[in-house]
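Using the sequences plus the hints, can you model the full thing?
If you read the protein sequences in the order shown, they are chains W and G.
Under our numbering, residues 423 to 834 are what the first sequence spells out, in order.
Under our numbering, residues 2 to 81 are what the second sequence spells out, in order.
Incorrect hints may have been included.
Claimed, not checked - Derived DSSO-like pairs: lysine-lysine, alpha-carbon spacing no greater than 27 Å straight-line:
#1 K547(W) x K79(G)
#2 K79(G) x K545(W)
#3 K550(W) x K79(G)
#4 K30(G) x K550(W)
#5 K22(G) x K572(W)
#6 K550(W) x K7(G)
#7 K547(W) x K64(G)
#8 K8(G) x K488(W)
#9 K7(G) x K488(W)
#10 K742(W) x K647(W)
#11 K718(W) x K742(W)
#12 K547(W) x K76(G)
#13 K76(G) x K550(W)
#14 K488(W) x K30(G)
#15 K30(G) x K7(G)
#16 K8(G) x K550(W)
#17 K488(W) x K22(G)
#18 K8(G) x K547(W)
What the hints contain is simulated information worked out from the structure, not anything from laboratory work.
Each chain, written out:
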Amino acid sequence: MKRRVVVTGMGMVTCLGSGVETNWDAITQGRSGIGRITHFDTSGFSTHIAGEVKDGFDIYGCIPVKEFRRLDRHQQYALVAAHEAFMASGLQIPLADPYRCAVVVGSGMGGLETLETGHDTLKTKGPKRMSPLVIPMVVVNLTPGLLSMKYQFKGPNFGVVNACTSGASAIGEAFRLVSNGYADVAITGGTEAVVSAFSVSAFNAIRALSVRNDEPKRASRPFDKDRDGFVLAEGAGILILEDLETAAARGATIYSEIVGYGATGDAYHLVMPDPEGQGAYNAMKLALMEANVSPKDVSYINAHGTSTELNDKIESLAIKKLFGEHAGQVSISSTKSMTGHMIGAAGAVEAIFSIMAMRTNIVPPTINLDNPDPDCDLNYTPHKSVEKPIDCAISNSFAFGGQNAALVFKKV
Amino acid sequence: MDEIEKKVVDLIAEVLVDVNKDNIQLDSKIVEDLGAESLDIYDMIALLEDEFGMEISDEEVEKIQTVQDVADFIKAQKQA
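Here it is in structure tokens:
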């Protein structure tokens, strides 16, 4: 028998700052966190802009100063976001049964920047000079490993590598662990820190990134006909999931219930979505079926909305297929218009925004949507947030490689 | 402490997260007193090699016990 799964803690780090409230204030006011890249010299690069996390993001001082050099930035962001989420949950260490506590965290590329600098060392100083920290800083499963050590979670523990869907897939898999009784509590979400020379040049090579370098805050413009690619960003989103009965028994604050998860693969192309949007459509459909929710009862969709021509068109098409005549009524927005695209963290941060939309009854806007693409003719909440009752929300994530995940949340 | 000894203490303090620099003495044993584990040792070696431009073999590392041993080793290498 399936158990009900609720969210009892949330935390995030993005280019807009640290903390869910700080981010939600910025998002609902339509503020962009995109700016010039400072992490590396962009001379000779096509793209000079990104959504970088600013120094001082560890607002809680939860990472000992000396630990920073032993942790890749994607691990640092996850630790800070997890600290906020764990504090919010009110859970106390040690937990009653640590073997019933899981950690499932996604990342698209893990410690890519550490890999780059390690490779530089190999080439310039030779193999003997390689730092022993490279391996633990690079591999994606070390974030769930670090979180298990910090919080003494000894149940199922794994990383999820699913490009731009990593965060959503991690949450979905953690949801299933709790729902099916393999764990009572889970730390889950996604983290990413790939604003680096290697990754920006590689994304430029597939012409995926915006080159609107003179107007960073106007560069991420999902569904707008003048968009020219996504804006790479970094950050982390972490959620605490819990079996409803366990959470209720300890009197936890319940932020939302996760009611459905749909996962599909396009089986189509390396970097292009299925032109008929079948993968995206089926992910949303499966998630709603599991949730036992009909499309007309969905009030908000946090779109994947990357600001690339193909994604925006295909996602809109998939929504129209699933929602039919109701498609025009559902409020949609892409918060990537403000945060940029956090790759493996995006799905997790956006899941939290979807929950915040329900908690505050505010639909966050899609900024920079000045002239909608004619193929994107749905209600994307342009420019300004809108107040309306939101009882059920979907968060969409789609990846290069054809992975699709949809999560459905309900107000509790 | 001379300059090399000071630098060695700095590097060891940088690597050992839980150790306060003020508690590192020249006669401190790196494993027993300061609690270094294998990853810390390899990390120290990499930093020392980079700082002093030399190579420290695993056999030589096994002979080193105290902070003073590290400094002495570096001084000997520099003279060699």
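These are the hints, each one checked on the structure:
1. Between K547(W) and K79(G) the CA atoms are separated by roughly 19 Å; this keeps the pair inside 27 Å, and the hint holds.
2. Simply put, K79(G) and K545(W) have alpha-carbon atoms about 25 Å apart, close enough for the 27 Å limit, and the pair holds.
3. With a CA separation close to 19 Å, the supplied pair K550(W) and K79(G) stays within the 27 Å bound.
4. Distance hint between K30(G) and K550(W) is fulfilled; the C-alpha atoms sit about 25 Å from each other, no more than 27 Å.
5. The hinted pair formed by K22(G) and K572(W) meets the criterion: a straight-line CA distance of about 24 Å does not exceed 27 Å.
6. Between K550(W) and K7(G), the direct Cα distance comes to roughly 25 Å. Compliance with the 27 Å bound is thereby established for this hinted pair.
7. In summary, the hint linking K547(W) to K64(G) is supported, as the alpha carbons are separated by about 25 Å, within the 27 Å threshold.
8. Restraint check for K8(G) and K488(W): the C-alpha separation of about 17 Å stays at or below 27 Å, so the hint holds.
9. With a CA separation close to 18 Å, the supplied pair K7(G) and K488(W) stays within the 27 Å bound.
10. Of the pairs offered as hints, the one joining K742(W) and K647(W) holds, with about 19 Å between alpha carbons and a cut-off of 27 Å not exceeded.
11. Using a Cα cut-off of 27 Å, the hinted pair K718(W) and K742(W) holds, with the two alpha carbons roughly 12 Å apart.
12. Annotation: proposed proximity of K547(W) to K76(G) holds, straight-line Cα distance about 22 Å (limit 27 Å).
13. The straight-line distance between the Cα atoms of K76(G) and K550(W) is roughly 21 Å, inside the 27 Å bound, and the hint therefore holds.
14. For the given pair, K488(W) sits about 21 Å from K30(G) by alpha-carbon distance, which is consistent with the 27 Å threshold.
15. Among the hinted pairs, K30(G) with K7(G) is consistent with the structure: their alpha-carbon atoms are about 16 Å apart, no more than 27 Å.
16. At most 27 Å may separate the alpha-carbon atoms for a hinted pair to count; K8(G) and K550(W) meet this at roughly 21 Å.
17. Between K488(W) and K22(G), the direct Cα distance comes to roughly 11 Å. Compliance with the 27 Å bound is thereby established for this hinted pair.
18. Distance check on the hinted pair: K8(G) and K547(W) sit about 21 Å apart at the alpha-carbon level, within 27 Å; holds.
In this structure, every one of the numbered hints holds.
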